[in-house]
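Residue 264 is where the sequence shown starts when you use the working numbering, and the numbers rise one by one after that.
I should point out that these hints are in silico values taken from the structure, not numbers from a laboratory.
For each label pair, taking beta carbons as the anchor points, the in silico distance ranges come out as:
1. 442 with 389: 20 to 26 Å
2. 400 with 265: 24 to 30 Å
3. 344 with 408: 36 to 42 Å
4. 408 with 340: 35 to 41 Å
5. 340 with 269: 20 to 26 Å
6. 369 with 304: 30 to 36 Å
For every residue, glycine included, the Cβ atom is placed at its ideal position computed from N, Cα and C.
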Amino acid sequence: MRIIRGSSEAEVVAAFLRGELDSPRYGERIRELLPAAGLGESALLAPELADAEANTLRARVLEEHRAWLRREGLFNGFPEDVDWSLVGLVPEEVLSILYIDWDWWLDISGGTRRPVDAAARIRAGEVLGARMEEDELIAARLSSDDPPPELIVASTPDLSRLVAVEGHVRLTAYALFPAYLAAELPVYLGTSEHMSGWALF
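Build the full structure now, drawing on both the sequences and the hints.
The structure is reproduced here in structure tokens:
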């Protein structure tokens, strides 16, 4: 792991919403919430992180979408004292990121939460509804002029395990088609002494 630079909660909130904007499942919801908050898509695609008001509005959008401020649902127990940075991970490190402790991701990985195990089960036809051609399109974007948004992961300071916060579908695509991974993948990393209290860690 290589530390590229420091980051901030405001930057990661924008990155999370950018990832959801890109999602076939959640994109429509984000596009509904943005104008209601007085924001356009540019607030996610090219966020002005020095604009405190815009940062507050993005946090409110994530609150409406995922109960971010209340720390419920996906963020149940997620600590407040997180140190954020942008790091570079080699392919082996990317593929060692764990899914969240959530039924669907447990099911497709056979209980291990490991994307490589999910990929093996998908290749074996054991995951109903999996569409490898769509996953390859996602992975192939890594080598294009329009790469997918950065993954967001969380850990304790000892980095004993990395758990995906946002980007599970992309992570699965990378495990299915690892040849598209470059020598280093930029990823947002949040660490806290209290991360083990996150319900999905």
